[in-house]
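One letter stands for each residue in the lines below.
There are 2 protein chains.
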Amino acid sequence: MSGRLYGLGIGPGDPELITLKALRLLRACPVLAFPAPESGDSLARSIVAPHLPGNQTEYAIRMPFSAERFPARAIYDEAAKDLGAHLEAGRDVAVLCEGDPFFYGSFIHLFDRLAARFPVEVVPGVSSLTAGAAALGQPLASRNDVLTVIPAPLDDDAIAARLAQSEAAAIIKPGRHGPRIVALLTKLGLAGRARYVERATMQNQRILTLEQIDPQTMPYFAMILVHRTDGAPR
Amino acid sequence: MSGRLYGLGIGPGDPELITLKALRLLRACPVLAFPAPESGDSLARSIVAPHLPGNQTEYAIRMPFSAERFPARAIYDEAAKDLGAHLEAGRDVAVLCEGDPFFYGSFIHLFDRLAARFPVEVVPGVSSLTAGAAALGQPLASRNDVLTVIPAPLDDDAIAARLAQSEAAAIIKPGRHGPRIVALLTKLGLAGRARYVERATMQNQRILTLEQIDPQTMPYFAMILVHRTDGAPR
Chain A
0 MSGRLYGLGI GPGDPELITL KALRLLRACP VLAFPAPESG DSLARSIVAP
50 HLPGNQTEYA IRMPFSAERF PARAIYDEAA KDLGAHLEAG RDVAVLCEGD
100 PFFYGSFIHL FDRLAARFPV EVVPGVSSLT AGAAALGQPL ASRNDVLTVI
150 PAPLDDDAIA ARLAQSEAAA IIKPGRHGPR IVALLTKLGL AGRARYVERA
200 TMQNQRILTL EQIDPQTMPY FAMILVHRTD GAPR
Chain B
0 MSGRLYGLGI GPGDPELITL KALRLLRACP VLAFPAPESG DSLARSIVAP
50 HLPGNQTEYA IRMPFSAERF PARAIYDEAA KDLGAHLEAG RDVAVLCEGD
100 PFFYGSFIHL FDRLAARFPV EVVPGVSSLT AGAAALGQPL ASRNDVLTVI
150 PAPLDDDAIA ARLAQSEAAA IIKPGRHGPR IVALLTKLGL AGRARYVERA
200 TMQNQRILTL EQIDPQTMPY FAMILVHRTD GAPR
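Order-wise, the sequence lines are chains A and B.
For the first sequence, numbering that gives the first Met the number 0 gives the first residue as 0, with consecutive numbering after it.
For the second sequence, numbering that gives the first Met the number 0 gives the first residue as 0, with consecutive numbering after it.
No lab work stands behind these hints: they were computed from the structure.
Here a beta-carbon is modelled for each residue, glycine too, at the ideal position from N, C-alpha and C.
Only true hints are included.
To give a feel for the contact side, a few chain A residues facing chain B, derived at Cβ under 7 Å:
{"hint": "1", "residue": "Glu15"}
{"hint": "2", "residue": "Leu16"}
{"hint": "3", "residue": "Thr18"}
{"hint": "4", "residue": "Lys20"}
{"hint": "5", "residue": "Val121"}
{"hint": "6", "residue": "Val125"}
{"hint": "7", "residue": "Ser126"}
{"hint": "8", "residue": "Thr129"}
{"hint": "9", "residue": "Ala133"}
{"hint": "10", "residue": "Leu139"}
{"hint": "11", "residue": "Ala140"}
{"hint": "12", "residue": "Ser141"}
{"hint": "13", "residue": "Val148"}
{"hint": "14", "residue": "Pro150"}
{"hint": "15", "residue": "Arg161"}
Kindly produce the complete structure, drawing on both the sequences and the hints.
The following block contains the structure:
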């Protein structure tokens, strides 16, 4: 009998924001896999490090920071082959996923490659989206607001069109797109309605105004919330 | 010194999908508040019931099922007054929130009324949005997909405009709007791309095709995911 592939949402960064279910499976699976940079420590592994029993096989999926689509595909092909061998041998594999596995998670690449051959269970986690709103002390969306999640790599016209149609928007994954996004929000007259948080719930979380941030050094794990509604009494 | 108001995200329904942090605060606060129907049991309280120590003051915020805006306001005003008295007396108050407090949560009504007077901390939780995608075994959004969350009470034209602009959309809170939403998706030719889950992660979770569901009895805690992309290899 083959093993089961788990996509474990481990939450946004605070080790206390893992669920009981993810914690149970994290400790029970003989094989742990996690994303990692080309060299150095894995953020996902560091989030759960306090919980690890210490007797598991660990597998780092190492991704060059600037990987373009084709090298990334080859890396996921290789990881799927290696993890597939564990599954074929009957060993359960838990893939650690920052936030939630199915919310823009790199787990989706493994899911696409392995779900047809092995049983898969996804354990949802607290996403950076709601963690960011909690950190900012600002509701993400309420009543009949439309909420739009916009990846920062999209071009300016696409982002502007989505912002125009949403009461609440979250621009995610800014990273190197930070300077362009800040310039766009300013041009659209939305800078005053934008709120910024990076690394929400992590020890180095920062909340800044758009004027305070240095867009040149905006991390990937950051979010800009833009509310068009005025927060009238509800 | 006044008490602290906690908005505790307790997750989508499975009691094991609560976070360690919410569990700790849930057990530590002397006062628990939770939404409840006009008569009968609170869903939020039932989710955490296995974890309760049994020595807390409990406060049910009872809302008639069909409350219109003005009765609802009066009910939240009253709850804010009563919970504010606990906070003034120095007692911490934990408000139980299905899913995440700031993701379309009724907690926002209390936050609006109390945040200016008392310290507030929001503990993010696993939302029904990602729990629904996990239950369906279908990624919510990946790579540079735009994700739109659309409340079902919006009118057909507004919903159609948002669906046209999104690679991935989640229509939430269908309830009595179910028949209209199913008719709209069919008219737009999107029925084949829509997937439906109700009460995700609860014991009575159901996954159905649009043809299988009876839209007349669609619950409030249900979601329709609509993906316009074809799921090409990533």
